[in-house]
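There are 2 protein chains.
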Amino acid sequence: MKKALAFDIGGTKIYSTIIDETGEIVSEIEKFSTPKTLKSITDLLKEQISKYESKVDVIAIATAGAVNNSNSAVIGSTGNLVSGYNTINFKSLSTKKVFLENDANSAAWAEYKIGASKGSSVSVMLTLGTGVGGGIIINDKLLKGKSGAAGEMHFKMYPDKRRKCTCGSWDCFEIYASGTALKLDAEEMLNNKNVTTYDVIDGVKQGNEKMINILNKWQNDIIIGIKGLVNIFDPDCVVLSGSMAEFVDIKAMEKEVNSDIVTSPTAIKLAEAGNYSGMIGVSLLALL
Amino acid sequence: MKKALAFDIGGTKIYSTIIDETGEIVSEIEKFSTPKTLKSITDLLKEQISKYESKVDVIAIATAGAVNNSNSAVIGSTGNLVSGYNTINFKSLSTKKVFLENDANSAAWAEYKIGASKGSSVSVMLTLGTGVGGGIIINDKLLKGKSGAAGEMHFKMYPDKRRKCTCGSWDCFEIYASGTALKLDAEEMLNNKNVTTYDVIDGVKQGNEKMINILNKWQNDIIIGIKGLVNIFDPDCVVLSGSMAEFVDIKAMEKEVNSDIVTSPTAIKLAEAGNYSGMIGVSLLALL
Chain G
1 MKKALAFDIG GTKIYSTIID ETGEIVSEIE KFSTPKTLKS ITDLLKEQIS KYESKVDVIA
61 IATAGAVNNS NSAVIGSTGN LVSGYNTINF KSLSTKKVFL ENDANSAAWA EYKIGASKGS
121 SVSVMLTLGT GVGGGIIIND KLLKGKSGAA GEMHFKMYPD KRRKCTCGSW DCFEIYASGT
181 ALKLDAEEML NNKNVTTYDV IDGVKQGNEK MINILNKWQN DIIIGIKGLV NIFDPDCVVL
241 SGSMAEFVDI KAMEKEVNSD IVTSPTAIKL AEAGNYSGMI GVSLLALL
Chain D
1 MKKALAFDIG GTKIYSTIID ETGEIVSEIE KFSTPKTLKS ITDLLKEQIS KYESKVDVIA
61 IATAGAVNNS NSAVIGSTGN LVSGYNTINF KSLSTKKVFL ENDANSAAWA EYKIGASKGS
121 SVSVMLTLGT GVGGGIIIND KLLKGKSGAA GEMHFKMYPD KRRKCTCGSW DCFEIYASGT
181 ALKLDAEEML NNKNVTTYDV IDGVKQGNEK MINILNKWQN DIIIGIKGLV NIFDPDCVVL
241 SGSMAEFVDI KAMEKEVNSD IVTSPTAIKL AEAGNYSGMI GVSLLALL
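Residue numbers (the working numbering), protein chains in the order written: chain G, 1 to 288; chain D, 1 to 288.
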């Protein structure tokens with residue numbers, strides 16, 4: 001059976017393991033803090049690759065940042081990673097084929113092949129974490145766009161410049177739907193700069209009404225965004241993944257979305273491919 | 001050369017002509033007021049079809065409303081057309097193949113085959129008229145979604161219920177980017193219910209500063225929507241068509257969009273396939 005040496009490169013952690021062509025993880029998951037210099041990142045990758053490349057058919061890298069349409073390089077900037085990250089020559093790191101894909105796109109592909117959107121030829125995946133990632137599948141293919149950068153959930157929630165987004169623009173969906181957004185909602189609604197996302201989640205668990213209102217406001221903004229995406233894509237389903245997804249009321253969300261769209265009823269689902277869906281998805285893509 | 005008997009069925013007018021496989025209009029354009037009963041619409045179609053079907057290979061109908069994925073029927077409601085329009089059995093109207101597609105999708109296909117987005121494998125077309133239509137092409141295919149209803153430009157411009165959209169929901173792009181929206185902007189900014197879209201256009205031509213501000217506000221809302229679409233699709237280009245498209249400053253729009261997106265530079269273009277792009281596009285699709 002064919003295998004991939006898989007990596008997931010994020011701003012904080014780098015994960016690595018071996019994954020087979022059915023999407024199964026077949027070796028230990030190794031975990032590293034993301035090095036702070038370009039050289040130490042490439043050294044880490046080289047070391048892992050030299051250790052394992054003889055055992056695999058391909059090197060599959062899920063990474064932060066947009067990946068070009070030939071799946072060979074990161075394009076543009078990747079906020080949380082060291083500057084110059086997009087200049088790394090990934091191909092030169094191995095004698096085997098090296099295949100890159102954006103982490104959210106990779107996770108969406110894992111959901112499509114073995115997870116919540118399995119069998120859905122049109123789906124939208126939203127990863128709700130510190131930020132918001134997006135991966136869109138249309139006619140059983142990843143939506144990449146002309147340069148590979150498609151699927152960015154930076155559509156506007158207001159037209160009149162209220163909240164600065166991490167991308168440098170204003171009022172993107174990301175800055176109303178992320179974990180960061182939940183903290184900003186709490187700051188604004190409680191007029192308290194020190195409140196944390198955890199305070200809100202904890203308060204909700206204890207039945208604190210103010211905190212419940214804050215969570216509902218945040219969830220409603222996510223619903224507003226999903227309605228727009230469902231009207232644009234008419235997808236079979238919308239999949240929510242990421243650490244913040246567990247805090248939404250998925251059934252209430254599905255009911256509200258479907259009561260207010262012009263397209264056809266759409267399932268809203270929690271992701272099922274697990275924490276390593278990025279590595280699984282990119283391996284399945286690389287082994288295609 | 002293969003030919004289609006083409007129709008464009010809208011809420012006000014029905015057009016009909018013959019179009020060949022290169023997209024050329026090869027007979028006179030006939031124009032009718034849209035009848036107000038179901039029977040009189042089908043009678044009109046039957047009459048035209050019986051007159052011309054022996055001369056063509058296929059009947060190609062661009063229509064208001066979403067069209068299913070087998071291009072045989074209208075699904076859901078079509079605001080401006082007689083109730084029950086979606087129950088018409090179009091296939092039964094001719095012994096030849098009958099092929100339907102949504103009018104905005106058809107026009108987008110015409111732009112892709114012979115117009116402004118020719119050669120662009122990913123594009124978004126917005127039709128700015130009384131309402132707003134959308135047609136999206138991805139990997140050289142129309143985006144249809146699971147039921148055929150994709151491409152609806154009903155994503156939200158505000159999350160908090162300000163302006164009711166014609167679809168029944170709130171604050172959709174359509175109700176900020178259409179001709180109707182320009183009138184609503186003028187009503188709000190001048191506090192005058194009687195001002196018309198024409199008053200604004202006329203005032204702008206005369207250099208009236210208030211009217212220029214209103215037009216700019218409307219154009220800015222369109223820009224806000226386009227930024228979101230460009231971040232989602234990373235398209236080669238965005239094409240603006242429809243009667244209101246001539247009032248936007250397309251160069252200023254392109255500059256502003258490209259200064260504020262996370263994907264890659266995108267051309268903004270005016271449509272080039274002409275007033276009958278719906279009939280041309282659906283004919284080219286039907287003759288594929």
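It should be emphasised that the hints constitute simulated quantities derived from the structure, not laboratory data.
Heads up, some of the hints might be wrong.
[Claimed, not checked] Computed footprint of chain D on chain G, listed as stretches where at least three residues anywhere in the stretch have a Cβ under 8 Å from a Cβ of chain D:
1. 136-143
2. 146-156
3. 181-191
4. 215-229
5. 233-247
None of these values were measured; they are calculated from a predicted model.
Cβ coordinates follow ideal geometry from the N, Cα and C atoms, glycine included.
Exercise. For which of the previously enumerated hints does the structure constitute a violation, in increasing order of number?
Worked result: 3
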